[in-house]
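Order-wise, the sequence lines are chains R and L. 0 is the number of the first residue of the first sequence in numbering that gives the first Met the number 0; add one for each residue after it. 0 is the number of the first residue of the second sequence in numbering that gives the first Met the number 0; add one for each residue after it.
Hints should not be assumed to be uniformly reliable.
For lysine-lysine, the following DSBU-like pairs were computed, each having C-alpha atoms within a straight-line distance of at most 30 angstroms [unchecked claim]: (1) L:K217 x L:K78; (2) L:K255 x R:K59; (3) L:K752 x R:K83; (4) R:K59 x L:K44; (5) L:K679 x R:K119; (6) L:K480 x R:K59; (7) R:K115 x L:K78; (8) R:K80 x L:K536; (9) L:K255 x R:K83; (10) L:K433 x L:K508; (11) R:K83 x L:K44; (12) L:K78 x R:K80; (13) R:K59 x L:K84; (14) L:K564 x L:K590; (15) R:K59 x R:K80; (16) L:K318 x L:K217; (17) L:K44 x L:K80; (18) L:K508 x R:K83; (19) L:K752 x R:K115; (20) L:K50 x R:K56; (21) L:K84 x R:K83; (22) L:K116 x L:K224; (23) L:K699 x R:K83; (24) R:K83 x L:K306; (25) R:K80 x L:K480; (26) R:K83 x L:K480; (27) R:K80 x L:K20; (28) L:K20 x L:K417; (29) R:K83 x L:K78.
Just so you have them, the derived chain R footprint on chain L, three or more residues with Cβ under 8 angstroms [claimed, not checked]: (30) 338-348; (31) 534-541; (32) 604-611; (33) 679-693.
Since the hints were made in silico from the structure, they are not lab data. Where is the CB? At the ideal position from N, CA and C, for every residue including glycine.
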Amino acid sequence: MENLDKVIITASGALAVVLTYWFFLMKRGREVAVSNTVDITVNGGYSPEIISIPRGKTTKINFLRTDPTDCLSEVVLGDFKIRKELPLNQRVTVELNPQKSGEFPYSCGMGMYHGKIVVK
Amino acid sequence: MFQIKGMHCASCVMVIEHALKNTPGVSEANVNLATETAAVSFDPKEVDEQKISSAVSNVGYQAMITEENKTSDETGNEKRKELKKLKRKVFFSLSLGALILWGTFPGLTNFAPGFLKNFWVQFILAAPVQFWAGFSFYRATISALRHRTANMDTLIAIGTSAAFSYSLAVLLFPMVFQGLGIEAMPYFDVSALVIGLILLGRYFEARAKLGTSEAIKKLIGLQAKTARVVKDGKEVDLPIDQVVVGMVIRVRPGEKIPVDGEILGGESSIDESMVTGESIPVDKTSGDTVIGSTINKTGTFTYNATKVGSETMLAQIIKLVQEAQGSKAPIQRLADLISAYFVPVVIMLAIATFVIWFDFGPTPAFLFALLNSVAVLIIACPCAMGLATPTAIMVGTGKGAEHGILIKDAASLETAHKIRTVVFDKTGTLTVGKPVVTDVVSASGILSDRRSSTLRSKTSSLRLKEESKDYILKLAASLEKGSEHSLAEAIVQKAEEEKVKLEKVEKFKAIPGHGVEGFIGKQKVVLGNMRLMEKEKIDISLTRGPLARLEGEGKTVMMLASDGKLVGLIAVMDTVKETAREGIEVLRKMKIEVVMITGDNQRTAQAIAGQLGIDRVLAEVLPDQKEAEVRKLQQDGRVVAMVGDGINDAPALAAADVGIAMGTGTDVAIEAADITLINKDLRSVAAAVNLSKKTMRTIKLNLFWAFGYNVVLIPVAMGALYPFFGLLLSPIFASAAMALSSISVVSNSLLLKRVRV
């Protein structure tokens, strides 16, 4: 009986590890193509998480934080030298005019939540 | 995104959406009744926010378009309110947690009132902590899970929920646990105290974090609120945002200068320390520029506003510091990479801990498995890693700005600590950049300063005695009138002082790195350095003696030739900046090689270098060769900084590992530089390197602590010490350690504020 418990717990544990890996580390975000402006809702992460914007053109990104989690109170677009405070329920606009193509990750102030800007 | 006011029902949503979608230029409009917002996609060429706002107001609602422009005061107030709320939660949860602990902790429990030992009472005390004080953990976890992400809150929510649920199960079904050979003992103290301690950590962390952005707040706080504008002979106080370029402003003693401008009348001593870091007040009079937000000390003056709003020097400084604080240091990459995987990996480790203790642990295995896996979840601290670099960068760049050292980005701050060679441009950087003519020498010897009255009467003619000082000045100044070189200015000024009448020059040509040439009448006149004379095949053998003597005194000597024949020499000397010698000495003490780069010849350059204590000189370098010289130095594997101020320094500034521009320099140079010294103080080059060293030391210590903490304590929480010493980590101690971990990182960064720059 005791051994059976161990087998069940071990199997459940292995399954939980696999599920955790799949759930958190194997997600594939959907890329949203943006031309002029985009609204990103900040609530437990960024929606949309991945946006693609044109190179050499100004794109306005409006962040609206509706999640009071302190971690999300700042957004950092390091490659664009932008660190902005995101007051709760307040729109904060960031203007980008990228001159280089590529993938530029952004995150919250502590690097816990992530998003990506793809410049094409 | 617009905030919409006045909506009551779903039909309001339809009406507003319809109005928006019918507005030309709007491609998409989504109105949300719950959040009272409208998300609008539009083409800014066709429609602006004002028109969108009008479209909404036309159908009876109000669209707020300015809600994002809250002042820093308002944001600060909000933060303070949040902190107050957090403080209440900390007090509440720690008090209730302590009461539960009193009723359960061996030893303490003997002195506890009977009701505290009652498990139901403990449950009643723990429940509000779990679901009211700890609500934020659940809310953050749920919204993160929707995005398939996990963070600190996820770990705390899972950990404390496990302890709380287990305790509740023990309370409700004690017989089941007793049947399994486990003592029916709840752990409400763990769930309540862990939440209390984590919240306490957050409270201190949030307070400390407010301090990291203090420099920016100070700079923003410097901005004047009003300006006394002189209009039609009357003085009117106008809000600062209504001041436009061209307005005349009066400033009285003790008042703040509202915007940048140029003094029209009056004189005063101005304290610019708050913006430039320059501690000594500067005397200013008509024609001098004044910087907005600096303090007028003594006199009253009127000035013309030349830069307002985002164009002022203060606004530019704020923008630069904000950009630097938003950039990421290369050293942060590893921490970023680890942070991205950290929380899921910790969850997996906690599961593994549970399984290992359940399968191989001593009795009661289930309890060991539960408490140890909860300890793993609680002790892991990704926040410390995330905070290690940015907090130090924020304090470091802010500290620099306070002392007139503007650092463009975190990468520059990081590179600056590795600088091994500093190359100084001579003119305008080490010297004041305002040379004066010291000697005029004829081809056959030095003429006295005393002018001959005979010569003065004939100045309009070229038939002057060939060897006279006036004749040499006349030719040289006539030629240099068309040049913008600082040496040219010195010669023209000398000619004006001597009241020498200038001649018309034709076919003027500036030859970069050589000099100038042109025709005065039918005479071909050339003025320049040795290189130019060689090019023109002019015999200079007669002047070798005086030439050597003048150059040995650190003077720049230009040779004047007319129709292929040497006429004379003009020696010009620039004053060395007051802070140059000390600045170089500090660098040398830091074992940093100091190099001077100049277009001057070797002898002049060596003389100046000798005065300043510079060992290595790169002389006779043409302006377009400076970049190549910097690259040559880099080839030796040394990290090279270039300090310059002129347009022609820009390529070298950009090529150097760290380009340092003097704040008095051209916009092009400042644009190309990584660091700008607005305090104009050459000692700040060493200060910038020092600041970089201190900041990097803080970052490394923070990262070492943050990584080390997790690498050491996660295995301890898993029970790695148990087989050897029988040691296990209680979840309560784990939460205390976790709280201390991020506080220590932020506090360590704040220590940078005490660094002497």
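Outcome of the hint check:
| no. | hint | in the structure |
| --- | --- | --- |
| 1 | L:K217 x L:K78 | holds (17 angstroms) |
| 2 | L:K255 x R:K59 | violated (36 angstroms) |
| 3 | L:K752 x R:K83 | holds (22 angstroms) |
| 4 | R:K59 x L:K44 | holds (13 angstroms) |
| 5 | L:K679 x R:K119 | violated (42 angstroms) |
| 6 | L:K480 x R:K59 | violated (50 angstroms) |
| 7 | R:K115 x L:K78 | holds (28 angstroms) |
| 8 | R:K80 x L:K536 | violated (55 angstroms) |
| 9 | L:K255 x R:K83 | holds (29 angstroms) |
| 10 | L:K433 x L:K508 | holds (23 angstroms) |
| 11 | R:K83 x L:K44 | holds (26 angstroms) |
| 12 | L:K78 x R:K80 | holds (24 angstroms) |
| 13 | R:K59 x L:K84 | violated (34 angstroms) |
| 14 | L:K564 x L:K590 | violated (49 angstroms) |
| 15 | R:K59 x R:K80 | holds (15 angstroms) |
| 16 | L:K318 x L:K217 | holds (13 angstroms) |
| 17 | L:K44 x L:K80 | violated (40 angstroms) |
| 18 | L:K508 x R:K83 | violated (52 angstroms) |
| 19 | L:K752 x R:K115 | violated (33 angstroms) |
| 20 | L:K50 x R:K56 | holds (23 angstroms) |
| 21 | L:K84 x R:K83 | holds (23 angstroms) |
| 22 | L:K116 x L:K224 | violated (61 angstroms) |
| 23 | L:K699 x R:K83 | holds (25 angstroms) |
| 24 | R:K83 x L:K306 | holds (26 angstroms) |
| 25 | R:K80 x L:K480 | violated (45 angstroms) |
| 26 | R:K83 x L:K480 | violated (51 angstroms) |
| 27 | R:K80 x L:K20 | violated (35 angstroms) |
| 28 | L:K20 x L:K417 | violated (57 angstroms) |
| 29 | R:K83 x L:K78 | holds (15 angstroms) |
| 30 | 338-348 | holds (count 7) |
| 31 | 534-541 | violated (count 0) |
| 32 | 604-611 | violated (count 0) |
| 33 | 679-693 | violated (count 0) |
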